[in-house]
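Asks: Here the protein sequences line up with chains Y and B, keeping their order. For what it's worth, my numbering labels the leading residue of the first sequence as 2, then goes sequentially. For what it's worth, my numbering labels the leading residue of the second sequence as 2, then goes sequentially.
Note that these hints are calculated values from the structure, not bench results. Any given hint might turn out to be false.
Unchecked claim - Here are some, though not all, of the chain B residues that point toward chain Y, as calculated from beta-carbon distances under 8 Å:
no.	residue
1	3
2	6
3	29
4	31
5	41
6	47
7	51
8	83
9	118
As the list claims (entries may be wrong) - Rough simulated footprint, nothing fancy, chain B against chain Y, three-plus residues with beta-carbon under 8 Å:
no.	stretch
10	27-39
11	119-126
12	130-137
Where a beta carbon is used, it is the ideal one built from N, C-alpha and C, also for glycine.
There are 2 protein chains.
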Amino acid sequence: METEYKIVSIGTIINRENECRLEVDPQYQGAFLGLEQFSHIDVFYWLDANDNDAGRAVLRVHPRGDRANPLTGVFATRSPLRPNPIAVSCCRVLAIEGCSITIDAIDARDGSPLIDVKAHLPNKDETEDIRVPDWINENKAD
Amino acid sequence: METEYKIVSIGTIINRENECRLEVDPQYQGAFLGLEQFSHIDVFYWLDANDNDAGRAVLRVHPRGDRANPLTGVFATRSPLRPNPIAVSCCRVLAIEGCSITIDAIDARDGSPLIDVKAHLPNKDETEDIRVPDWINENKAD
Numbered sequence: 002m003e004t005e006y007k008i009v010s011i012g013t014i015i016n017r018e019n020e021c022r023l024e025v026d027p028q029y030q031g032a033f034l035g036l037e038q039f040s041h042i043d044v045f046y047w048l049d050a051n052d053n054d055a056g057r058a059v060l061r062v063h064p065r066g067d068r069a070n071p072l073t074g075v076f077a078t079r080s081p082l083r084p085n086p087i088a089v090s091c092c093r094v095l096a097i098e099g100c101s102i103t104i105d106a107i108d109a110r111d112g113s114p115l116i117d118v119k120a121h122l123p124n125k126d127e128t129e130d131i132r133v134p135d136w137i138n139e140n141k142a143d
Numbered sequence: 002m003e004t005e006y007k008i009v010s011i012g013t014i015i016n017r018e019n020e021c022r023l024e025v026d027p028q029y030q031g032a033f034l035g036l037e038q039f040s041h042i043d044v045f046y047w048l049d050a051n052d053n054d055a056g057r058a059v060l061r062v063h064p065r066g067d068r069a070n071p072l073t074g075v076f077a078t079r080s081p082l083r084p085n086p087i088a089v090s091c092c093r094v095l096a097i098e099g100c101s102i103t104i105d106a107i108d109a110r111d112g113s114p115l116i117d118v119k120a121h122l123p124n125k126d127e128t129e130d131i132r133v134p135d136w137i138n139e140n141k142a143d
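Just chain Y, with the same shape it has in the complex (with noise of 0.2 Å):
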């Protein structure tokens, strides 16, 4: 039985060029005590453009758009186009001042609702045990 959650915005991404932040509601300032000591942060965004019924029934893409990619369920990709539009990037935090984190870079459409912000751990199995299919090395999976 399918059940629903809410979830809210608490900011937005800006990325624009040579402006790459995250504009955190002032509400969520408490949040932030210790950001500073990590390097990268996860950082959860709703993907709003392919929040619709169309874009939430899509199961299999070609990834990126390219027909050069094989038909690939979204489970085995990161593409937009999936039953719920969440996305989460890792992100390298080059200043944070007051509520607005800027980062290196996101793969984000300007505007984008930010829904959370979280410590980036290291992940013991990376890097080189992890295996991917070979269209992934040309290109990318989303």
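Take the given structure of chain Y and dock chain B to it, following the hints.
Replies: Just chain B now, with coordinates in the frame of chain Y:
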């Protein structure tokens, strides 16, 4: 301005002694195509036990509930207490049968709602380049 979005459960995490797997709802079977080519997946789930006004209002915690760990903003942890109770874990895939994915291990409550599965791609910054505070190395961030 706070905006709300809808997450739906797409299955359930089974996490018992000698049994660790994702039971995905059959309607999503089409999304599995090609998943067997990946050694690891990112498993997204909902921290439903903390999905209440009190849990979502917590901005600072002693990580892992241990007062020996410094009071820390939830964005600088992976605490289950946070504005949006989302969790993600990188898991090794052991077997896929129908809509059931057996994984090596996950730090999730048995019965947790599953909300997404994504192919895990190697992170170029891992692992020597990730900086974390000292308290992480004796404990964990959540």
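Asks: Against each hint, give a clear statement of whether it holds in the structure.
Replies: Okay, the hints, checked on the actual structure:
| no. | hint | result |
| --- | --- | --- |
| 1 | 3 | holds (5 Å) |
| 2 | 6 | holds (4 Å) |
| 3 | 29 | holds (6 Å) |
| 4 | 31 | holds (4 Å) |
| 5 | 41 | holds (6 Å) |
| 6 | 47 | holds (5 Å) |
| 7 | 51 | violated (11 Å) |
| 8 | 83 | holds (6 Å) |
| 9 | 118 | holds (4 Å) |
| 10 | 27-39 | holds (count 9) |
| 11 | 119-126 | holds (count 8) |
| 12 | 130-137 | holds (count 6) |
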